[in-house]
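Participant: Chain A is already provided as a structure; the job is to place chain B on it using the hints.
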Amino acid sequence: MKKKVIKWGFILLISGLAIGGSVVLYMFNQPHRDVQASTADYEMEAKQLVNEYLADAQISNDKYLDEEGESKIIVVTGTISEISTDLNSQKVILLKNEGEDAGVSCTLLPITNSEKIAVGDIVTIKGVIRSGAGYDEDLGLFEDVIMEKCDLIH
Amino acid sequence: MKKTILSLAVAGILVLSSAFSTLENKLVSKSGHVNFFSHTAVEDISADNYKLVSTLETETGEIVFSVPMQSFEFEKALMQKHFNSKKFLDTKTFPKSKFTGNITNLNEIDFSADGTYTANVSGELTIHGVTKAIAESATITVEGAKVIVDVELSITLADYNIAFKKGKPSTNIAKTIDAKVKAEFK
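Just so you know, the protein sequences line up as chains A and B, in that order.
Numbering of the first sequence is given in this note's numbering, commencing with residue 1 and proceeding in unit increments.
Numbering of the second sequence is given in this note's numbering, commencing with residue 155 and proceeding in unit increments.
With the rest of the complex left out, here is chain A:
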């Protein structure tokens, strides 16, 4: 009888440790959020997103940014004013209309086929917002809304 209790206790302890350990391991190695596979939180014109930030950055940060960095996934539509490559060899598209102070800067994922797009095209892009637009006195210029993990929807 006593032997049986010890045996079952031992099995319970081992399986408890195994389950606990794998939960910790899973948490530690959890994958990054797949922005493209997730549902978009908002869909709007690039101009609207910029204007919301220029009107009130505080309210916009509350609305779009997440405490743990998993900020809102947004689908934005706008006109390409610039296509560049960053220091990580990623393509960056600036959505901005002529005469506007700030735009939306979108860093494309490597999977995106950006060969068929050109300056002047109107495109729809899905990605995660990292920071908002606004005038920075020290830089002496307007900063764009920053979006990353972007892909062309059309």
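Hints are computed from structural coordinates only; laboratory data are not their basis.
For glycine and all other residues, C-beta sits at the position ideal for the given N, C-alpha and C.
Some hints here could point you the wrong way.
Stated by the list, open to error - To spell it out: a stretch of chain A is covered by chain B in this simulated footprint if at least three of its residues, at any positions, have a beta carbon under 8 Å from a beta carbon of chain B; those stretches are:
id, region
1, 28-40
2, 43-54
3, 63-72
4, 113-119
5, 122-133
Unchecked claim - EDC-like mimics (lysine to aspartate or glutamate), calculated; alpha carbons at most 20 Å apart, straight line:
id, chain 1, residue 1, chain 2, residue 2
6, A, Lys72, B, Glu227
7, B, Lys334, B, Glu213
8, B, Lys252, B, Asp198
9, A, Lys149, A, Asp34
10, B, Lys240, A, Asp66
11, B, Lys235, A, Asp138
12, B, Lys252, A, Asp34
13, B, Lys246, A, Asp86
14, A, Lys126, A, Asp66
15, B, Lys286, A, Asp138
16, A, Lys47, A, Glu98
17, A, Lys72, A, Glu52
18, B, Lys300, A, Asp86
19, A, Lys149, B, Asp332
20, B, Lys329, B, Asp202
21, B, Lys235, A, Glu82
Facilitator: Here is chain B on its own, set in the frame of chain A:
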């Protein structure tokens, strides 16, 4: 009358040209890289950010870096979450970090001649809503129309109210981290 018009025209041209020359002296870069590295006996942590915006005024030596904090990417998703959280950098409340400063040995740097120069930069660094005075040396490389600024700085986390007294972060995150900043002006 003619004289007035003439002097007005001359004055106008002078104002215009000075306005254009100030524009020309200010270099703007949206192409940059910030890396930070934390080393402890337990683990090494590194993160990268490619969304740096910076300006360099070659006439006055004024230099500004603006870093969107949520653009830092870590290998492990959990670390990225911790980094952004209220316990660490609270990036929802403080979405950007900023450096504003001046090159103090501007006379030793010739932005019109190719070469590598050492610049002494001093100014204020704001992280996590805390501003501290810092002085570092930077490497400025001039290649034709391109100017590259490289700065390495060590940041003591406690200076910016990022402190861990106990638990895993206090053993796994270095008290002082190394940050590398690169900005490419074209």
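Participant: Now tell me, hint by hint, if it's right for this structure.
Facilitator: How the hints compare with the structure:
no.	hint	verdict
1	28-40	holds (count 6)
2	43-54	violated (count 0)
3	63-72	holds (count 7)
4	113-119	violated (count 0)
5	122-133	holds (count 3)
6	A:Lys72 <-> B:Glu227	16 Å, holds
7	B:Lys334 <-> B:Glu213	25 Å, violated
8	B:Lys252 <-> B:Asp198	25 Å, violated
9	A:Lys149 <-> A:Asp34	9 Å, holds
10	B:Lys240 <-> A:Asp66	11 Å, holds
11	B:Lys235 <-> A:Asp138	29 Å, violated
12	B:Lys252 <-> A:Asp34	29 Å, violated
13	B:Lys246 <-> A:Asp86	25 Å, violated
14	A:Lys126 <-> A:Asp66	17 Å, holds
15	B:Lys286 <-> A:Asp138	16 Å, holds
16	A:Lys47 <-> A:Glu98	11 Å, holds
17	A:Lys72 <-> A:Glu52	15 Å, holds
18	B:Lys300 <-> A:Asp86	15 Å, holds
19	A:Lys149 <-> B:Asp332	26 Å, violated
20	B:Lys329 <-> B:Asp202	19 Å, holds
21	B:Lys235 <-> A:Glu82	31 Å, violated
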